[in-house]
Amino acid sequence: AQGFTLPFEAAFSFPQTDCSPFASLAVSPLQPAIGTPEMGDSQYSFSLTTFSPTGKLVQIEHALTAVGSGQTSLGIKAANGVVIATEKKLPSILVDETSVQKIQLMTTNIGVVYSGMGPDSRVLVRKSRKQAQQYFRLYKEPIPVTQLVRETAAVMQEFTQSGGVRPFGVSLLVAGYDDNGPQLYQVDPSGSYFSWKASAMGKNVSNAKTFLEKRYTDDMELDDAVHTAILTLKEGFQGQISGKNIEIGIVGADRKFRYYIEAIAYGLWLN
Amino acid sequence: MSIFEYNGSALVAMVGKNCFAIASDRRLGVNLQTVATDFQRIFKIHDKLYIGLSGLATDAQTMYQRLVFRHKLYQLREERDMKPQTFASLVSALLYEKRFGPYFCQPVIAGLGDDDVPFICTMDCLGAKELAKDFVVSGTASESLYGACESMYKPNMESEELFETISQALLSSVDRDCLSGWGGHVLLVTPTEVQERTLKGRMD
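Protein sequences appear in the order of chains Y and L.
The opening position of the first sequence corresponds to residue 1 in the numbering used here, with each subsequent residue numbered one higher.
The opening position of the second sequence corresponds to residue 272 in the numbering used here, with each subsequent residue numbered one higher.
If we strip away everything but chain Y, and leave its shape as in the complex, we get (with noise of 0.2 Å):
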C-alpha cells in the first residue's frame, strides 16, 4: 500500500510501467518496452484478420498465451514408439477422475495431447478424426501421420484466417506409429507444426525442454522414454505427482495407441 504524504502526490501516481533504465527488457511480446515498435500491438489486437504495424496477428500470441498457461505436456520419440504424457489437475477432489481423459485417439495408430483449453482441442479431435476416416474412405490405406497432422494445421490455419472466428486455443502433440516409424509432432494454434524428438508444452515449458535436453539420446527405447516422461513431469509438478494425476499416451511397433488415464494400470509406480 503506497501512502502519499502530500495531496498532489496521489493526483500523479505512476503507472507500472516505470521508466528506468531496466524497462527496455521486455518481459513478454504483450508486455513489450517503451519505445519499441511492439509499443503499438496493443491497438491491433481487436481484429484477428488484421496485421499490426511489426508483421504479427496478435490474436495468435494471444492464442498462445493460452496455450503457455496450460496445463503441462510433453513428448517423447523413442527408437520403438512414441510416449506422449500430460498432468492431469483436476479442480476438485469431487471430480470424478475417470471420466476426464486428456489424450485421445485420431486413429488407432495416432494419439494426441494438448495444452490450453480443453474444448478446442475436442473439435480439432473431432475434425482430424473425420479426416482421416475419409482418408481411409478413399484410399483404403491408413492415413500416415505427417498427412493427417498436415491437414489438422491446415483447419487451425483457416481459423486464422476468416471471419468472425477465432484461433483455437491449444497447441497439440500428435503422436503415431506409421510406415515411416515413430514420429512426434506439435501443432500451434498459427498452424505451422513442427516433427520433435522431444518437447513439452503449457506451463514450466523451458524447464521441461531443459530437462529433456539433457535427458534425450537417439536411441531411447520406449521404456525409458517412458520413464524419462514421467520423471520430466515430476520435476515442474505442483503438488504431490501420482498415478492419478497424469496420463500417459503410448504407441510401439505394435502400431496400437494405447492411453492410461491412471498410470498405476501401466504397472509404474512413483515416489
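Keep in mind that the hints are not guaranteed to be accurate.
Claimed, not checked - Pairs of lysine to aspartate or glutamate residues, derived as EDC-like cross-links and limited to a Cα-Cα distance of at most 20 Å, are as follows:
| hint | chain 1 | residue 1 | chain 2 | residue 2 |
| --- | --- | --- | --- | --- |
| 1 | Y | K140 | L | D446 |
| 2 | Y | K234 | Y | D223 |
| 3 | L | K354 | Y | E141 |
Think of the hints as simulated: they come from the structure by calculation, not from any bench.
Fair warning: this is a prediction, and the values are worked out from it, not measured in the lab.
Given chain Y, work out where chain L should sit, using these hints.
Okay, now just chain L, sitting in the frame of chain Y:
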C-alpha cells in the same frame, strides 16, 4: 448397339512370376467404321503401375486425365508413389462418385506392389472391384478373352513365356470380335525394366 460397344476395345492383364503383362488392341471405331489403328488404351501412372481403360474412348481419356491429376497431387503431398491397391481404391471411389451418370469405361489396373508382388484388378463402370490372382479382361472382346486366357494361362510364367501367352490370347480373341483388333500393344513389366511391344495381327 450399347454405349460400351460404340468405340470397341479389348484389354487383358496377366500375372507372371514377379512380373505382369498388360495388353490392348489398337482399333478405335465409330460404330462399324474404323477411325484409327493406333489408339492408346494403356496408360502409365508411375513406373510400376499401369491402367488400361476400355469402353467409351472419350470417358477413358477423361478418366485417365483425372487419375493422373490425382496421382500427381498424391506424389507431391506424400512424397511417394501410390501403391497399386491404393490406386485401385481411388479409381473405384472416383467411378462411384458418378453413380447416377457414370463414366462408360471399365478399367484394368496392373502394378507391382510392395516387394514387387504383382497386382491386377478390374472393375465395372461403377467401381465394383474384382481382384484376381491370374488374369483380368475387359472390353467388347471380353467373352472371347475369358475363354482364351482360361485355357492358355499357367501360374508363375517367366516374362518371355508370359508375353507369348498374353499375345496369343489377345490376338485370337480380337479375331472373333469385329469391333476390336488392328494389332495389339503389349507391356511387360518386371521389377527392373518395362518392355513395350506392338503386335501385328489380322488388320481388320
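Hint-by-hint comparison with the structure:
| no. | hint | verdict |
| --- | --- | --- |
| 1 | K140/Y with D446/L | 39 Å, violated |
| 2 | K234/Y with D223/Y | 17 Å, holds |
| 3 | K354/L with E141/Y | 10 Å, holds |
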